[in-house]
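Engineer: Sequence:
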Amino acid sequence: MKLYLLLISIFFGISCCKKKEIIDENETYKPVQVNCILSKNLDSAKLYIAGAWNWVEEKRVDRRQQKFIYLTPQTEGYSLVMNFRNDTVRFFRNNQIDSVYTYKILLQHEITGTNYPEDQEPALVFYRLYDGLRSGYVPLKICENYLLLQHQYVSSVVGGRIWKKQ
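Residue numbers for the sequence shown follow numbering that gives the first Met the number 0, so the first one is 0 and each next one is one higher.
What the hints contain is simulated information worked out from the structure, not anything from laboratory work. Backbone N, C-alpha and C fix where the C-beta goes; we use that ideal spot for every residue, glycine too. Careful: at least some of the hints might be erroneous.
In silico lysine-lysine, DSSO-like type, Cα no more than 30 Å apart, as pairs [to be verified]: (1) LYS58 / LYS164; (2) LYS164 / LYS103; (3) LYS39 / LYS164; (4) LYS164 / LYS29; (5) LYS163 / LYS66; (6) LYS29 / LYS39; (7) LYS39 / LYS58; (8) LYS164 / LYS45; (9) LYS103 / LYS39; (10) LYS39 / LYS163; (11) LYS163 / LYS58; (12) LYS45 / LYS163; (13) LYS58 / LYS103; (14) LYS29 / LYS58; (15) LYS66 / LYS39; (16) LYS58 / LYS45; (17) LYS66 / LYS29; (18) LYS164 / LYS66; (19) LYS103 / LYS45; (20) LYS29 / LYS163.
With beta-carbon atoms standing in for the labels, derived distance ranges [said to hold, decoys possible]: (21) TYR129 / GLN32: 34 to 42 Å; (22) GLU109 / LYS163: 36 to 44 Å; (23) ASN85 / VAL60: 30 to 38 Å; (24) LYS66 / ASP86: 36 to 44 Å; (25) ARG133 / GLN95: 24 to 32 Å; (26) GLN65 / SER154: 16 to 24 Å.
From just these sequences and the hints, can you work out the full model?
Structural biologist: What follows is the structure, given as structure tokens:
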């Protein structure tokens, strides 16, 4: 009898789990079309970064299947907002504060100390509030209405994320 109840519990546990929906390039999803020219100019990045940005899409590479997968607020079931004000960035998840950092926009060679061609491009650098130490950085491209955070260059897990200005 206990075995029977255990099997029923396992069956219901598995059937109740919601499978995470991921959109691959072969489905009907249409990737976000950025309607401006994204710049890698440091001054442009500093000029346009202020304000609130909504996450609209993340594009990842599935190396095993050699295709792209797209994550969106709809597929993930949550929204993300970044709000840049003065030297502080606040991250919101589903309109609830998630984390707060100070930030700077620097050229990558100022962070890495290396001298590759891409080290002359801007990166968004996050610093912890409680001790001022660097928490991380991500290369970026930006225009007046869109921001591309190029996580794929600094993370093996996260892809490029597109944000749209509110």
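Engineer: Evaluate each hint against the coordinates.
Structural biologist: Here is what the structure says about each hint:
1. At roughly 18 Å between alpha-carbon atoms, LYS58 and LYS164 fall within 30 Å of each other, so this suggested pair holds.
2. A threshold of 30 Å between alpha carbons decides the hint, and for LYS164 with LYS103 the separation of about 19 Å falls inside it, so the pair holds.
3. Proximity of LYS39 to LYS164 is assessed by CA-CA distance (about 17 Å); at most 30 Å being required, the pair is judged to hold.
4. For the hint pairing LYS164 with LYS29, the CA-to-CA distance comes to about 20 Å; that is within 30 Å, so the pair holds.
5. At roughly 25 Å between alpha-carbon atoms, LYS163 and LYS66 fall within 30 Å of each other, so this suggested pair holds.
6. Note on LYS29 and LYS39: the hinted pairing holds, with a Cα-Cα distance of about 25 Å set against a maximum of 30 Å.
7. The hinted pair formed by LYS39 and LYS58 meets the criterion: a straight-line CA distance of about 19 Å does not exceed 30 Å.
8. With a C-alpha separation of about 14 Å, the suggested pair LYS164 and LYS45 falls inside the 30 Å cut-off, and the hint holds.
9. Taking the CA atoms of LYS103 and LYS39, the gap is about 15 Å. The hint holds against a cut of 30 Å.
10. This hinted pair checks out: LYS39 and LYS163 have alpha carbons roughly 17 Å apart, not beyond 30 Å.
11. For the hint linking LYS163 to LYS58, the alpha-carbon distance of about 15 Å falls within 30 Å, and the restraint holds.
12. Among the hinted pairs, LYS45 with LYS163 is consistent with the structure: their alpha-carbon atoms are about 16 Å apart, no more than 30 Å.
13. A hinted pair counts as satisfied when its Cα atoms are at most 30 Å apart, and LYS58 with LYS103 qualifies at roughly 25 Å.
14. Restraint check: the Cα-Cα separation between LYS29 and LYS58 comes to about 12 Å, which is no more than 30 Å; the hinted pair holds.
15. Restraint check: the Cα-Cα separation between LYS66 and LYS39 comes to about 26 Å, which is no more than 30 Å; the hinted pair holds.
16. For the proposed pair LYS58 and LYS45, the alpha carbon gap of about 24 Å is at most 30 Å, so the pair holds.
17. For the hint pairing LYS66 with LYS29, the CA-to-CA distance comes to about 15 Å; that is within 30 Å, so the pair holds.
18. A C-alpha spacing of about 28 Å is found between LYS164 and LYS66, which places the hinted pair at or below 30 Å, so the restraint holds.
19. Straight-line distance between C-alpha atoms of LYS103 and LYS45 comes to about 9 Å, which keeps the hinted pair within the 30 Å bound.
20. The straight-line distance between the Cα atoms of LYS29 and LYS163 is roughly 16 Å, inside the 30 Å bound, and the hint therefore holds.
21. The hinted range of 34 to 42 Å is satisfied by TYR129 and GLN32, whose Cβ atoms lie roughly 40 Å apart.
22. Between GLU109 and LYS163, the C-beta spacing of about 28 Å breaks the proposed range 36 to 44 Å.
23. Hint check: ASN85 to VAL60, Cβ distance near 35 Å, so the stated range 30 to 38 Å holds.
24. Distance hint check for LYS66 and ASP86: the Cβ-Cβ separation is about 40 Å, which falls inside the suggested range of 36 to 44 Å.
25. Distance hint check for ARG133 and GLN95: the Cβ-Cβ separation is about 25 Å, which falls inside the suggested range of 24 to 32 Å.
26. Taken as a hint, the range 16 to 24 Å holds for the pair GLN65 and SER154, whose Cβ atoms sit roughly 20 Å apart.
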